[in-house]
Structures are given as structure tokens and as C-alpha cells.
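Position 16 of the sequence shown, counted from 1, bears residue number 16 in the numbering used here, the numbering being contiguous throughout.
What the hints contain is simulated information worked out from the structure, not anything from laboratory work. Fair warning: this is a prediction, and the values are worked out from it, not measured in the lab. All residues carry an ideal CB built from backbone N, CA and C; glycine is no exception. Treat the hints with care, since some could be wrong.
[Stated by the list, open to error] For lysine-lysine, the following DSS-like pairs were computed, each having C-alpha atoms within a straight-line distance of at most 30 Å:
hint, residue 1, residue 2
1, LYS21, LYS54
2, LYS54, LYS16
3, LYS50, LYS16
[Claimed, not checked] Restraint ranges, calculated between C-beta atoms of paired labels, are given here:
hint, residue 1, residue 2, range
4, TYR53, TYR31, 37 to 45 Å
5, LEU59, ILE9, 15 to 23 Å
6, ARG27, LEU61, 19 to 27 Å
7, GLN14, LYS63, 28 to 36 Å
8, LYS63, ILE9, 29 to 37 Å
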Amino acid sequence: MTQQQTFLILLGNQNKTHFAKKHNISRRAVYNWISGDNISNSTLSEMATKEGYKLSINLKLEKL
1 MTQQQTFLIL
11 LGNQNKTHFA
21 KKHNISRRAV
31 YNWISGDNIS
41 NSTLSEMATK
51 EGYKLSINLK
61 LEKL
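Using the sequences plus the hints, can you model the full thing?
This is how it looks when you write it as C-alpha cells:
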């Protein structure tokens, strides 16, 4: 699942302005993330926690 997909799930049907205030971020950031801009894993994890989720991020490194 991409960062954008995860963010959209967290946002759900919530009002974008309310969501931004709840997470202490700008409305512009919310709209940028909806449009596909990158979200840091730490920011995404903090938002997930406030929304009652635990975000598991699995990174896999393979030698070429």
C-alpha cells in the first residue's frame, strides 16, 4: 500500500479542515497529500496513532 493510499484511508470521510486542525498540519498539506505528494513515514505514523491505528512500515533491502 502506498503512502497516499494509507493517508486516504486515515482521512476517510472526515472534513479536510477538521483533519488538518486535529493533526496540527496545514490544509495545504492535506490537499497536497491527497494529490500524491510524499508524506514522511513518521508523520503518517503519528496521524495513524491519533486516528486509532498502528502503522507497520516494512522496509526491505536487497543486494543488487
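Could you tell me which of the numbered hints above are not met by this structure, giving the numbers in increasing order? Those not satisfied are hints 4, 6 and 7.
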